[in-house]
Structure formats: C-alpha cells, structure tokens
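Quick note, the sequences are listed as chains A and B, same order.
Counting from 1, position 232 in the first sequence corresponds to residue 232 in this note's numbering; the numbering is continuous, with no gaps.
One rule links them: number in this note's numbering = place in the second sequence (from 1) + 242.
A couple of the hints might just be wrong.
Where chain A lies over chain B, by a calculated footprint (3+ residues, C-beta under 8 Å) [to be verified]:
1) 250-263
2) 561-568
3) 607-618
4) 631-645
5) 681-690
Listed below are several chain B residues computed to face chain A (Cβ distance under 10 Å; list not exhaustive) [what the hints assert, rightly or not]:
6) R266
7) R403
8) A602
9) G648
10) V650
11) V651
12) K653
13) G664
14) H665
Since the hints were made in silico from the structure, they are not lab data.
We treat Cβ as the ideally placed atom computed from N, Cα and C, and that holds for glycine.
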Amino acid sequence: MRIQLFGTCLIDTMFPETGEATVRLLRHFGVEIGYPDGQTCCGKPADSGGYSRESKKAAEHFISVFDRTEGPIIIPSGSCASMVKNHYPELFKDDERMRQKAEAIAGRTHELSQFLVHVLKVHEAGLSGTGRITYHASCQLTRELGVLEEPMLLLQSLNGAEFVDLPHSDRCCGFGGIFMAKLPEVSMALADEKVDTILSTGADTVTGCDHGCLMNIADAVKRRGSAVRVKHIAAVLAEGLK
Amino acid sequence: MNHSTSSIPFRENAVKALSNSALRGAMRNATETFAIKRADAVAALPLEELREEASELRLHVLNNLSEYVDRFEMNAVRAGAKVHRAKDSEAARGIIASILQDHGIGRVVKSKSMVSEEIHLNDYLQEVGITVVETDLGEYIIQIAGEGPSHIIVPAIHKDRRQVGQLFAEKLGCEYSDDPAVLTGVAKKILREEFLSAKAGISGANFAVAESGSIVLFTNEGNGRMCTSLPPLHIAVLSIEKIIPSLADLPKFIRLLPRSATGQTITSYLSVLTGSRKPGESTGAQEMHIVLLDNGRSELVSGEYREMFKCIRCGACLNACPVYRVVGGHAYGSTYPGPMGIVLTALLEGMERAKSLLDATTLCGACGDVCPVKVPLPRLLRLLRERRVEQGLTPRLEQNAMAGFGRVVEKPFLFHLGQIAGHVFWPAVKKFGPGDAVGRMPRPVSRTFRERFA
Numbered sequence: 001m002r003i004q005l006f007g008t009c010l011i012d013t014m015f016p017e018t019g020e021a022t023v024r025l026l027r028h029f030g031v032e033i034g035y036p037d038g039q040t041c042c043g044k045p046a047d048s049g050g051y052s053r054e055s056k057k058a059a060e061h062f063i064s065v066f067d068r069t070e071g072p073i074i075i076p077s078g079s080c081a082s083m084v085k086n087h088y089p090e091l092f093k094d095d096e097r098m099r100q101k102a103e104a105i106a107g108r109t110h111e112l113s114q115f116l117v118h119v120l121k122v123h124e125a126g127l128s129g130t131g132r133i134t135y136h137a138s139c140q141l142t143r144e145l146g147v148l149e150e151p152m153l154l155l156q157s158l159n160g161a162e163f164v165d166l167p168h169s170d171r172c173c174g175f176g177g178i179f180m181a182k183l184p185e186v187s188m189a190l191a192d193e194k195v196d197t198i199l200s201t202g203a204d205t206v207t208g209c210d211h212g213c214l215m216n217i218a219d220a221v222k223r224r225g226s227a228v229r230v231k232h233i234a235a236v237l238a239e240g241l242k
Numbered sequence: 243m244n245h246s247t248s249s250i251p252f253r254e255n256a257v258k259a260l261s262n263s264a265l266r267g268a269m270r271n272a273t274e275t276f277a278i279k280r281a282d283a284v285a286a287l288p289l290e291e292l293r294e295e296a297s298e299l300r301l302h303v304l305n306n307l308s309e310y311v312d313r314f315e316m317n318a319v320r321a322g323a324k325v326h327r328a329k330d331s332e333a334a335r336g337i338i339a340s341i342l343q344d345h346g347i348g349r350v351v352k353s354k355s356m357v358s359e360e361i362h363l364n365d366y367l368q369e370v371g372i373t374v375v376e377t378d379l380g381e382y383i384i385q386i387a388g389e390g391p392s393h394i395i396v397p398a399i400h401k402d403r404r405q406v407g408q409l410f411a412e413k414l415g416c417e418y419s420d421d422p423a424v425l426t427g428v429a430k431k432i433l434r435e436e437f438l439s440a441k442a443g444i445s446g447a448n449f450a451v452a453e454s455g456s457i458v459l460f461t462n463e464g465n466g467r468m469c470t471s472l473p474p475l476h477i478a479v480l481s482i483e484k485i486i487p488s489l490a491d492l493p494k495f496i497r498l499l500p501r502s503a504t505g506q507t508i509t510s511y512l513s514v515l516t517g518s519r520k521p522g523e524s525t526g527a528q529e530m531h532i533v534l535l536d537n538g539r540s541e542l543v544s545g546e547y548r549e550m551f552k553c554i555r556c557g558a559c560l561n562a563c564p565v566y567r568v569v570g571g572h573a574y575g576s577t578y579p580g581p582m583g584i585v586l587t588a589l590l591e592g593m594e595r596a597k598s599l600l601d602a603t604t605l606c607g608a609c610g611d612v613c614p615v616k617v618p619l620p621r622l623l624r625l626l627r628e629r630r631v632e633q634g635l636t637p638r639l640e641q642n643a644m645a646g647f648g649r650v651v652e653k654p655f656l657f658h659l660g661q662i663a664g665h666v667f668w669p670a671v672k673k674f675g676p677g678d679a680v681g682r683m684p685r686p687v688s689r690t691f692r693e694r695f696a
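Build the full structure now, drawing on both the sequences and the hints.
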C-alpha cells in the first residue's frame, strides 16, 4: 500500500523526530510513503483565529498539493486532520468546484492512529514498549474526529508497557493554538492542571496524537522539574521497533 | 451604572482571577461536583434523542418567533396578565419602574433573573429610589457583597463558605460561622420578613408557554413562588426567546435543564403561573405584569447566530469550559459568562465590547458537547472571530502575522525560508519574555523533517 504523508508544520519545523518515527512505523507495516513536494501548513492557526481568507489560501494550497497524488493521506495530528476532514469542505461551501475537491481530499484523509487501527490493525500485532504510559485525548481528535478508542487500543497493545488511565483525559490542556499566545497565563494554568493529573497517575510517559498539546504539556512538565517524558504516539510506538 | 461600551479587558481580569486561590478552589470544587452529578444524572436518559428533540423544538420556536410571541401575549392577557413589550433594556427598565411607581412601591423582593441582570435593573431601580432585595440565597450573598453573579445558575459559585461567613458577619452583624446550615438560617430569617412585608415581587422565567400564556419558574429554594404569589403585585421579566409552544413540551425541558445545570433530576420547586389571581383562588398575585424583552433578538434570530437563542440558560457550558473553570465568571466582565456568555455579549453588547472576550476560548468543544439543546457554541465562537477579523478589530501585530502567514503558506520556498529564519532568530525572539508563547515553544530545528526525509 502507498500513502501520502502530511508532515504538519509543527512536526516539520520543531519535531522532526516524530516525522521520522511515523515513517519508520508505517514502513515497518509494509506501507510505502509518498511525501508530496510543496506541502506547508493546513491553515489551522488562521482558521481558529477567524482569518478565513488566510485559512482558505492554506486549504487551496493543501488541496492543490495532494490533488496530484493518490491513496490515503495520513496526518499525525488530530487537529490538522480535523481541519482537512471537517473544515475544508465547510470553507468552500459556496464554491461548488472547490467544495467537491475538498470533499474528495477529506475522504482520503486519516489521522495516524485511526489509520493504524482501522487499516493496518497494528493493535492486533502489538508492538513492544516500556514503563507506565498515560494518554491525553486532545480536543479536536476526540470531539471533532471522534477518535476516542484508537490511540488507547494501540497503547494497551504494547507488550512490556503498562497503560494507565489519565483522569479527565479529554479536558483541554490549554494549548488552543492562538489561545496559547493570546492568553498565556490562562494557558499555563490549564497546562499545570493537566500536569497535576498526569503526575497523579505515576506514569513515566505521557503521549497523545497532537504536537500542539504535547508542546504545551512538555513546557508545563519542564516548569515543574518533572522527569516525565512527553512523546507523540508515533514516537512511543516506534520505540518498540528497535 | 456601568453601561460601558469599551472593550472588556479579559486578559487582565483573568490574570487577577488566577491569583485568587480561594476563587480557584471554590470554582474547582463546584464545577467538579456539577460535572460528576451531571454525568450521573444524564446516564439514565436517552440523552441524544432528547437533545435532538429539544434542539428541534427550540429551533422551530425561533423560526416562528413573532407568531409565538403574539400567541403568548394573547393568551397571557386572556388569563388576566398585563403584557408589555420592551424593545431594549432601557424600555424594560422604564416599564418596570413605572409599574412600581404607579403603585407607590419603594421596596421589592426579587427572584433570580438573568434578564434583569441583562437590563441592569437593580441599579436603575436604586437610582429611582426603589430598593430591590434579592431572595435567591446565592444572589442575596452577592448582593450584600456588592457583586454581580459569576454563574447564570449558581451566582455565588466563586465564594467558599468561609468567605460567606465573613461577609455575613461583616454586613449582617451576625456571629461568624462557616456552617452552611447556620448561614442559611440567618438569611432565611431576614428574607422571610421581606417576603411577608413585600408589596411587589419581580421574577424572571425559565420558559413561557404560548398556548396558555403561562410563565414557568424552576427554583431550588422556593423563593421564586414566594416572590410571585405572596405579594399582591408580580412583575415577570423575560426575553422573548424563552417561549415554548405548549405545556406538553415542558416535560422535555424538566428532564434536561436541572440535570444539565446542577445534576439534579428535578428542581425542588417548579411553578407554572397563569395570569393573576382569579375569583375564588386563594393564592397568586392580584396583579400580574409580564415584560417581554427583545433587545435585538427578533432581528438576531433571523441571522447566522440564530441557534444561540436555542439556549435554555442551564449553565452546563460554563461548568464544562476549561477557561471558565479556572478564571470564574467575573473575569468575563459581562452579564453572561462562559462560552454562551461570550457569544451573547458579542451579540447583545457589540463586537467592540466583546472583542477581547472572543479570545477566552480554546475552541476545545466541551461546551458544544454538553449543551442539552445543541447550541453549536464552538462554531458560533469561531464565526464571531471571523467577524472580528473582518471588522478589523484584532491587534495590528496579529493582523500582520496572519497576512504574512497567508503569503508564505502557498509558497513552499518562502515557507521554508520562514522556518530557517525561525531557527536563526529564535534566541532573539525568545527575549520577549517567559510569559510569551514563544518562550514556551522549542526552537525550530536547523534541518526540517522535509529535508531529513528527502
């Protein structure tokens, strides 16, 4: 099988190891990976800020890049995947030609954990892992994409690792894209509460499917001086491939 | 009276609230308790079905609002009430004040009503020499504290019992106690006297029934029916969208509202008031006035924000909102706080006033998930942000940054250049300080994933 990977601007710019882990993971399961040239950002930051002209530009560009390709589009981020799947068709609701294109792209798009569980059945094979792992359910992944069980199935299937539930797992960590920049104090307060619950589980690793949230949580963990590892689910799963 | 049109300084308010440990503790306890009780209470319901039905019914009313208002008015008049239509807050305040003045009334008991907060009724009546005594315990607490409600259902949610104890000792001259039973007893004694001597009562309404002209009140302390049936004069003030077609529709909302609000299966008191006291009846006000507040609603329900007015004021979105939970209601600086409050403030008080308030959401979607009538709050919040951008009401720096984003996002070469610049200039950018978002993000890498993958 051949898929097209959208790396997301955060992974591309700040967390390339997560991109590499995603590639190793998918290749391990026999997936061939295309990485379309010219990809940039899905437009989510502009979209949630209300800058629809800019988010449309991003969407048009994304669609033009992936329109030329075939096969499933895999995105290792719940919020970017939701942007493409849910918001793109909405952005072009008054433009029939673009809306059709947007819907075609949306139909091909899968968030990474969705794809791993529903298409590759990774959880049935079970990779290996270590330590106590807990999971933060990011907002758009959970509420907009409806991906609730998939990441947990993957984590629970890790041989040698222990999965522990996070209280209020789906409560917002305070990232919120533009929110983090506009209300930094509130954002930090929410991240601190999130870290309190993470520490209460005794986990040594916290994971999730969105680097935005993980970045916010990692900062709060660092402020706390805690040794808890904050890692994207792709990185956690790829560790077991060594 | 504070009828400012200047922008609400949400960030400043929020920072102040965050440093108030008593507030944060009280907020955490209360919202946590409501969330748990709500989850238990709705578990027994066919929740999704009920939400869908309630949402459709509310939308049906909004789509035919003027007919329903007419029908309600006709039937309320037929039942013996006097109905007044108020186009805006000023008109509503004036109507209420003149009814009271016509009767020579200088002191009035009031049951909790958010619409009366919306029209700043208490301040106005005070100005014209009429004293208002709030009789909902929470509302009474904040009234003697000189504050406004910080929650639409639980007005004193931000106070713990020690603060209430201190407040009572200071303002009411009683002995300090932080025992809720003792404090309730103190208030009860005072309020009982007020009820018995009051010549007029003011209430809001949770619903108004078009087919019967009745108003419906949900209360937990019985103060609602004391205010509405004990004094000879009763004035109900409500906004027009509170109408439901018939009494047969009420059970749906009886099942949804208290459960969504406080996790109760039903409120302690449910009053259905139809007109004034009729010959042979032993209770009820001899004269009943109903003030129907429009305040822009009849226009708003025909536009893109229509669904906001499905809201039944349960407060579930407040309890679920991560931002509300840590900063409390006063930080919103407006009548209605939380997610529903941001939208209503923008609609009722204008974008200039609400522009910074629109940042008070992470768009996490928790509000939309809990809403019993499916108000699409995240979509409305996002839409308002779009309007804010169109009206040029975002900071210049942000506008420039977004314009820059728009220019590079479709030009991969420029985008990549921006990534390199980010890496190079990061140490300089970081000097903005640790409170800034940049200070909390890692430095952009020197070799992007794209370069590594290629």
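Hints, verified against the model:
1. 250-263: holds (count 5)
2. 561-568: holds (count 3)
3. 607-618: holds (count 4)
4. 631-645: The restraint on the stretch 631-645 of chain B holds, since 5 of its residues have a Cβ under 8 Å from chain A and three suffice.
5. 681-690: holds (count 8)
6. R266: Hint holds; B/R266 Cβ to chain A Cβ min 8 Å, cut 10 Å.
7. R403: At 23 Å from the nearest chain A Cβ, B/R403 fails the 10 Å test, so the hint is violated.
8. A602: 7 Å, holds
9. G648: OK, holds: B/G648 within 10 Å of chain A, min 4 Å.
10. V650: 7 Å, holds
11. V651: 4 Å, holds
12. K653: 8 Å, holds
13. G664: Status holds, d = 7 Å.
14. H665: At 8 Å from the nearest chain A Cβ, B/H665 passes the 10 Å test, so the hint holds.
Of the hints listed earlier, the one the structure fails to meet is number 7.
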